[in-house]
Amino acid sequence: MNKYSICMVNVAFINPFSDEARQIVREYGNLNTIYQENGDLIQLVTRSPSQDISDEETIPHNIMDLALKRIEWYVKKKNNPEFDYRKYSYLYNRNITNFDVIAFYLLVQAISVKFGPNSRESRVMVEAQGKLMESRMGELLLSEKREILGTILNTLLPGEVKWTMFADLLSSRKIKLTDLVLDQGNIILDKDYFMENLGYKLEHRDPGKMYDLLIGDKIKELIINRMIMQKTEDYISEVYQKSQRQVEPNPILLELADNVTEILNQPMATYGYRGGATGKVEASPLNQEAFPPCVKIVLEGMKSGGRNDAIILFLTPFISYARLYPDVFRRNTTLRVSDVDPELAAVEKEILPLIYEAAERCTPPLFEDQPQEKVNINAKMGFGMHSEIELKHEGETTWYTPMSCEKVKLHLPSLCKPDKTCKSIGNPLSYYIRRLTDLKYEEATSEEPG
Amino acid sequence: MVSDQLLKPATPEERRRYYREEWDVKDVPEFISNSVQKREFGFDHMGRGPNHRYKVFRNMDLLRKFLRYRAPFAAYSSVAFYEKPQRRDGWIKSELVFDVDAKDIPIRECGCEGVCEVCLNQALEIISSLIDTLKGDLGLKDIHVVYSGRGYHLRLFDESVMTMDSDVRGQIVQYLSGAELPRNEYAAEGVTYKLEHFTIPFGYPQVFTDRTRYAILHLTPETQLDEVNQKLLKDVIKNRELLEDNQWGIFRSKIGPQRFQKLIRSIASLNMALVDAKVSIDLKRILRLPSSLHSMVSMKCMEVKNIETFDPFKEAVPKFVYERKS
Numbered sequence: 001m002n003k004y005s006i007c008m009v010n011v012a013f014i015n016p017f018s019d020e021a022r023q024i025v026r027e028y029g030n031l032n033t034i035y036q037e038n039g040d041l042i043q044l045v046t047r048s049p050s051q052d053i054s055d056e057e058t059i060p061h062n063i064m065d066l067a068l069k070r071i072e073w074y075v076k077k078k079n080n081p082e083f084d085y086r087k088y089s090y091l092y093n094r095n096i097t098n099f100d101v102i103a104f105y106l107l108v109q110a111i112s113v114k115f116g117p118n119s120r121e122s123r124v125m126v127e128a129q130g131k132l133m134e135s136r137m138g139e140l141l142l143s144e145k146r147e148i149l150g151t152i153l154n155t156l157l158p159g160e161v162k163w164t165m166f167a168d169l170l171s172s173r174k175i176k177l178t179d180l181v182l183d184q185g186n187i188i189l190d191k192d193y194f195m196e197n198l199g200y201k202l203e204h205r206d207p208g209k210m211y212d213l214l215i216g217d218k219i220k221e222l223i224i225n226r227m228i229m230q231k232t233e234d235y236i237s238e239v240y241q242k243s244q245r246q247v248e249p250n251p252i253l254l255e256l257a258d259n260v261t262e263i264l265n266q267p268m269a270t271y272g273y274r275g276g277a278t279g280k281v282e283a284s285p286l287n288q289e290a291f292p293p294c295v296k297i298v299l300e301g302m303k304s305g306g307r308n309d310a311i312i313l314f315l316t317p318f319i320s321y322a323r324l325y326p327d328v329f330r331r332n333t334t335l336r337v338s339d340v341d342p343e344l345a346a347v348e349k350e351i352l353p354l355i356y357e358a359a360e361r362c363t364p365p366l367f368e369d370q371p372q373e374k375v376n377i378n379a380k381m382g383f384g385m386h387s388e389i390e391l392k393h394e395g396e397t398t399w400y401t402p403m404s405c406e407k408v409k410l411h412l413p414s415l416c417k418p419d420k421t422c423k424s425i426g427n428p429l430s431y432y433i434r435r436l437t438d439l440k441y442e443e444a445t446s447e448e449p450g
Numbered sequence: 001m002v003s004d005q006l007l008k009p010a011t012p013e014e015r016r017r018y019y020r021e022e023w024d025v026k027d028v029p030e031f032i033s034n035s036v037q038k039r040e041f042g043f044d045h046m047g048r049g050p051n052h053r054y055k056v057f058r059n060m061d062l063l064r065k066f067l068r069y070r071a072p073f074a075a076y077s078s079v080a081f082y083e084k085p086q087r088r089d090g091w092i093k094s095e096l097v098f099d100v101d102a103k104d105i106p107i108r109e110c111g112c113e114g115v116c117e118v119c120l121n122q123a124l125e126i127i128s129s130l131i132d133t134l135k136g137d138l139g140l141k142d143i144h145v146v147y148s149g150r151g152y153h154l155r156l157f158d159e160s161v162m163t164m165d166s167d168v169r170g171q172i173v174q175y176l177s178g179a180e181l182p183r184n185e186y187a188a189e190g191v192t193y194k195l196e197h198f199t200i201p202f203g204y205p206q207v208f209t210d211r212t213r214y215a216i217l218h219l220t221p222e223t224q225l226d227e228v229n230q231k232l233l234k235d236v237i238k239n240r241e242l243l244e245d246n247q248w249g250i251f252r253s254k255i256g257p258q259r260f261q262k263l264i265r266s267i268a269s270l271n272m273a274l275v276d277a278k279v280s281i282d283l284k285r286i287l288r289l290p291s292s293l294h295s296m297v298s299m300k301c302m303e304v305k306n307i308e309t310f311d312p313f314k315e316a317v318p319k320f321v322y323e324r325k326s
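The listed protein sequences correspond, in order, to chains A and B.
When we follow the numbering used here, the leftmost residue of the first sequence carries the number 1, and every step to the right adds one.
When we follow the numbering used here, the leftmost residue of the second sequence carries the number 1, and every step to the right adds one.
With the rest of the complex left out, here is chain A (with noise of 0.2 Å):
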């Protein structure tokens, strides 16, 4: 059998922390090949189920080429909502194993070496592959992705996966406590774990089957995800340790790690403050009038009592959102302030001057008795707990995303009287959206001669 035809996968093509993807990286010859054109990749990239091959651009010709893509593909994805998945199909395929093993150990030791892992760059990679495995996971039949999921849970030990090592997950609301299976401190994951520690409590059920229904295929798929791009962070770190005793890095990682940096460059200058005519809604300056009736409440001020949870919990993640990503519940992919606006311009301009008049004119005025809250406007738009808001500090705390419908009801249930346009969403962001494209539309009818 040559190795075009494998039809099995490799868990290296899901895991690159497993015994099988060191074995490829210790076989791997010389570093200066991965500089030459390279004719089985070149092969296998064209041979790619439905890869678009009419743009020369599109096809990587050295392993070089392979890590810069992997992580283009991954910025597109995120910023591009016409992003063409059929420029990059080969990195569906699992044919490419042996080569994107490569690829991803040169990535993140280039972006390591050079940047150390509290850069974009790291958390780009680290994104990026949670993503890839995501994806990749995604294109598995149903019998081969079980496989490869047992096949990893088996290299983790019982009772390693605290359910405390995913509080991202949880504050993302990606999984929820009550849907995970808890044991001492522990997420079940492991069949023989379960049938050793819980199954024998089941009275008159058959504890394989209850194990089968209850430890789901998605809690395992998020769970072993999270522990790869955890491992991906690990790694980073423990790279760039050792990158600092050495005198001078390989100059090949460098120029791959410059190179990371500029497709990283290039997204940030086209998104944010072009028009869309796609049906995308882009970051624009606001339109007060399209605020939903419970903003309004809050921008008029509020009495003592709902103070601090309608300016710092429900104001800020609107106007900050509405301002630099309406689209945010549309596109479901993290951005961060500075991503959209690099200079924080808006930030500093529109969206803080706008929070602080509705903090002024509550009654008494939300700064003049705590004087602190400014530290936690600038933490929920992702800065940290700091009293300025700059940009070293930003991922310090996540950006909120603006409280759902369903949210504001139970703990400011005073701001919720719903208009018409209320029907129809579930969060005051999409009421915005839908009002300024009726705006826009009444607008451009009104214009109409005659």
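Just so you know, not all the hints are guaranteed correct.
Chain A stretches covered by chain B per the calculated footprint, using a threshold of three residues with CB under 8 Å from any CB of chain B [claimed, not checked]:
#1 180-194
#2 211-222
#3 374-387
Straight line, CA to CA, 30 Å or less: simulated DSSO-like cross-link-like pairs of lysine-lysine [claimed, not checked]:
#4 B/K38 to A/K392
#5 B/K194 to A/K407
#6 B/K38 to B/K55
#7 B/K26 to B/K93
#8 A/K392 to A/K77
#9 A/K409 to B/K262
#10 A/K176 to A/K423
#11 A/K191 to B/K135
#12 B/K135 to A/K162
#13 B/K84 to A/K374
#14 B/K141 to A/K162
#15 A/K417 to B/K55
#16 A/K407 to A/K218
#17 B/K26 to A/K174
#18 B/K238 to B/K262
Don't read these hints as lab results, they were simulated from the structure.
Model, not experiment: these values are computed from the prediction.
Note that beta-carbon positions come from the ideal geometry of N, C-alpha and C, so glycine has one too.
Using the hints, position chain B against chain A.
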């Protein structure tokens, strides 16, 4: 018997006596004294709320002098640890706290106006079941119980949760209190199976079953529940002894599956009030300082060393109360 002298507000003179004669700085638990420099302190001097905030103490002796001298109406310290507590800046981490206030327990057997022995006992029962879940399911350690004067605080110092944000803390509250209806449909191989929470004897479904049973067993004919009318409430109370030995299946069929669903949906939203979620999700909350005086009810706020034997009416009553003239 001192009962008629209990739960009355303390006079300024009584407060001074308490802090001078009875209170000892050694009564402040170690979990506060070992982090005194990192915490913000807050005081209520006039009984109008803790508006003296941003107070910091470099050491315990300064705290001792302050309390002796000022004998505040109430004393608090932050659950948060800060680099600069005097500005509430440089947040490091926060204790994970749960507040069970006796007067806010969703289903109270006593029906008293404020707090009484019965509902305080109930609060302690709830605290004890929360601890079981925190340890058994969530695997958390370093848990302290504090009697607050009107209920109990659970304070966790497990490093793995102290940096968690409000959202995660909110989910922990939901998990512990059984505030979310567990899913009852599970799919495998494209086939969906119905599994009621009471058939799954571990994990969240078990927590939900326990909390729901507790609520149902404490219902009174006067309890108001959304979606539950008088007839249903009556039937629930009539059949609830089945739950004492976990005969959920029979209980459910006696009630009827539709009405059962209504009942547990309603109990789930009621369970949310077992702990005050606002306290748990607030990373910068100030909580009553253990060892300080709760002047409104003349009780000591104090760490509970043994929840099995703790009796606030024996251990948390300051001496001056016994010396009041009736």
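Consistency of the hints with the structure:
1. Interface restraint, the stretch 180-194 of chain A with chain B: holds (8 residues with C-beta to C-beta distance below 8 Å; minimum three).
2. Coverage of the stretch 211-222 of chain A by chain B holds in this model, with 4 residues showing a Cβ closer than 8 Å to a Cβ of that chain against a need of three.
3. With 4 residues carrying a beta carbon less than 8 Å from a beta carbon of chain B, the stretch 374-387 of chain A meets the three-residue requirement, and the given coverage holds.
4. The hinted pair formed by B/K38 and A/K392 meets the criterion: a straight-line CA distance of about 24 Å does not exceed 30 Å.
5. This hinted pair checks out: B/K194 and A/K407 have alpha carbons roughly 29 Å apart, not beyond 30 Å.
6. The suggested pairing of B/K38 with B/K55 holds, with an alpha-carbon distance near 11 Å, which does not exceed 30 Å.
7. Distance hint between B/K26 and B/K93 is fulfilled; the C-alpha atoms sit about 25 Å from each other, no more than 30 Å.
8. A threshold of 30 Å between alpha carbons decides the hint, and for A/K392 with A/K77 the separation of about 26 Å falls inside it, so the pair holds.
9. Restraint check for A/K409 and B/K262: satisfied, since their Cα atoms lie roughly 21 Å apart, inside the 30 Å limit.
10. With a C-alpha separation of about 27 Å, the suggested pairing of A/K176 with A/K423 holds against the 30 Å cut-off.
11. With a C-alpha separation of about 23 Å, the suggested pairing of A/K191 with B/K135 holds against the 30 Å cut-off.
12. Taking the CA atoms of B/K135 and A/K162, the gap is near 13 Å; set against the 30 Å cutoff, the hint holds.
13. A hinted pair counts as satisfied when its Cα atoms are at most 30 Å apart, and B/K84 with A/K374 qualifies at roughly 16 Å.
14. For the proposed pair B/K141 and A/K162, the alpha carbon gap of about 13 Å is at most 30 Å, so the pair holds.
15. Distance restraint check for A/K417 and B/K55: the Cα-Cα separation of roughly 40 Å exceeds the 30 Å cut-off, and the hinted pair is therefore not satisfied.
16. Between A/K407 and A/K218, the direct Cα distance comes to roughly 26 Å. Compliance with the 30 Å bound is thereby established for this hinted pair.
17. Restraint check for B/K26 and A/K174: the C-alpha separation of about 45 Å exceeds 30 Å, so the hint is violated.
18. A threshold of 30 Å between alpha carbons decides the hint, and for B/K238 with B/K262 the separation of about 17 Å falls inside it, so the pair holds.
Violated hints for the displayed structure, listed by number in ascending order: 15, 17.
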